[in-house]
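Participant: What follows is each chain in one-letter form.
Number of protein chains: 2
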Amino acid sequence: MSKNSDESNLVLSSRIRLARNIDKVPFPIRIDEEKGKELIKDVENVFYISPEIKEDYITNYLWNLDEVTDNSFLEKHLISPRLINNYKKSAFILNKDQTVSIMLNEEDHIRLQCITAGLNLEEAFKDANKLDDIIEDKLNYAFDENLGYLTACPTNLGTGLRASVMIHLPVLSMSKEITQLYNAVTQIGMTIRGLYGEGSNADGNVYQISNQISLGVTEEEIINNINAVVNQIINQENIAREHLLKNRKYELEDKIFRSLGILKSAVLMNSKECLSLLSNVRMGIEMGIINDISSQTINELFVSLQPATLQLLVNKKLNDKERDLERAKLIREKLK
Amino acid sequence: MSKNSDESNLVLSSRIRLARNIDKVPFPIRIDEEKGKELIKDVENVFYISPEIKEDYITNYLWNLDEVTDNSFLEKHLISPRLINNYKKSAFILNKDQTVSIMLNEEDHIRLQCITAGLNLEEAFKDANKLDDIIEDKLNYAFDENLGYLTACPTNLGTGLRASVMIHLPVLSMSKEITQLYNAVTQIGMTIRGLYGEGSNADGNVYQISNQISLGVTEEEIINNINAVVNQIINQENIAREHLLKNRKYELEDKIFRSLGILKSAVLMNSKECLSLLSNVRMGIEMGIINDISSQTINELFVSLQPATLQLLVNKKLNDKERDLERAKLIREKLK
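Protein chains in written order, with our numbering: chain G, 1 to 336; chain P, 1 to 336.
Each hint can be trusted.
To give an idea of the chain G side of the interface with chain P (calculated C-beta under 7 angstroms), a few residues: (1) 250; (2) 261; (3) 262; (4) 266; (5) 267; (6) 268.
The set of hints was computed from the structure by calculation and includes no laboratory data. Even for Gly, the Cβ is constructed at its ideal location relative to N, Cα and C.
Produce the entire structure from the sequences given, and follow the hints as far as they go.
Facilitator: Laid out in structure tokens, this is it:
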């Protein structure tokens, strides 16, 4: 997620996830520890050996990780709560840039994720496809001519593909439009939800839009549909911003610059307030009101100031108050 | 009010006011315009002619001033609402530093005020006394052997002296102690009130403590009593601050630095919020938490950001929102 040069971009990242299972091996829910670890070994063997893999990858075995490390990967969306639940028999293969994460023994045997900066599902899909081919070349996937790829949960049948886009909607969030959006998006078979998935609030006004169904449509159709919807939403958000800028310019600037001022000077800062202030500053950057900070800096803060990641950064266990103190310190340093 | 080098000083200023009337001339309430202007001329004649007057003084005639200018002098405590009410026959003599203001035809013929920085009623009294002598030397004051100086309102009989001290009490203001203080101070014949006199709220946590009675006590006793009470209050405020610093250090620092951060970055700022934030920053300076801003800068902002003074500074009529905009701009420049 490092090369997002377009500061006006409301899309933080695009993500493709493929769900795959090995033929004739029980789904992870029914697999025991020994067989689970065998499956991990099998995937590793075909993956690391391939001449196509030129980047540095490592496997993280969940049974070796502590809770804070688990949660930090979770905060970065590189793993899921279910992978943590299956910790005795689960793992994930991660590249150095943390743009690829292949979860093993999550709900399915293989959950292959590729992430790109900005709105670029095509590139993410291309990357995912390439990695998928490497595995499929040597291992037999569970596949049915009519149903497509077979998955533990029927919602993932077919392409096994979920495409999702993280989008920053601070102005639509303020109004009732966001509720209308929720309804409209759901009606066309998509889901919109907060930063941390199902049931989570949209902290920092970041929403995740993804397809609900992967059966009976092609990969290309899924991606095209998401792109169309996202572009439509970007358009709505931009119209709402222009309206605000025209009618309440000073109030908007006040909100943005105060948020930056508080981030630069606070001594204590909780996670919720932090996300809200960062959202305002990000809006300022996207709208060209703030020019001396990059949206990249804000993206990094968005992630690194989450509780677990923060503790890994300062390398010690922190209670709530200590976290608020360290978080504020880190922001001040980062924004100096 | 320019030479307050002790940054830990909670006292913004000390002020002595003497009420005097010319013998055999009706009190201002009963005087007509012509006689009122004659009286002004009489005082000016003895005042400006004296070899003791070495500083630059000018007379401001209220009938020549516009509303914004009136209100700016009011915001600086150099004149009173009553002087403005009597605008057809009232004036005041002002020195360049604005530490001396001699109101003519306010409630009494002469209301002579001297102001010093910090807690220094003795110096203010010395200055007031000297100027009073100059006038008394040439004009007959209304004086009674038993009642002392005769004044329009009986509360000013006797010495005609009111001593008052402006003191910054942010921590006592937060707690119930301020109510106890109100009661205690009233019981010993003194008054405590907000920055803008009777009935006003203590905006910016600045309180004015003054004597209620001027009859049956000497000038020295009045000043000693106020000093004793003020020192006692300073002590209480400092104890409360130490307690806060010991128990809620980070919360205190957070409040102080956020206030400074907002002042440095806001685009819109109303007067009430401004005073409250400046109070927090002043506390930070007084407690040695902020070291790169002088309390002098804050004192100047306290005054210059009041609505009328602000309009004089930018030299144009401003509506509410324009004032909030100009105020924020001025603060940002001043604190840069």
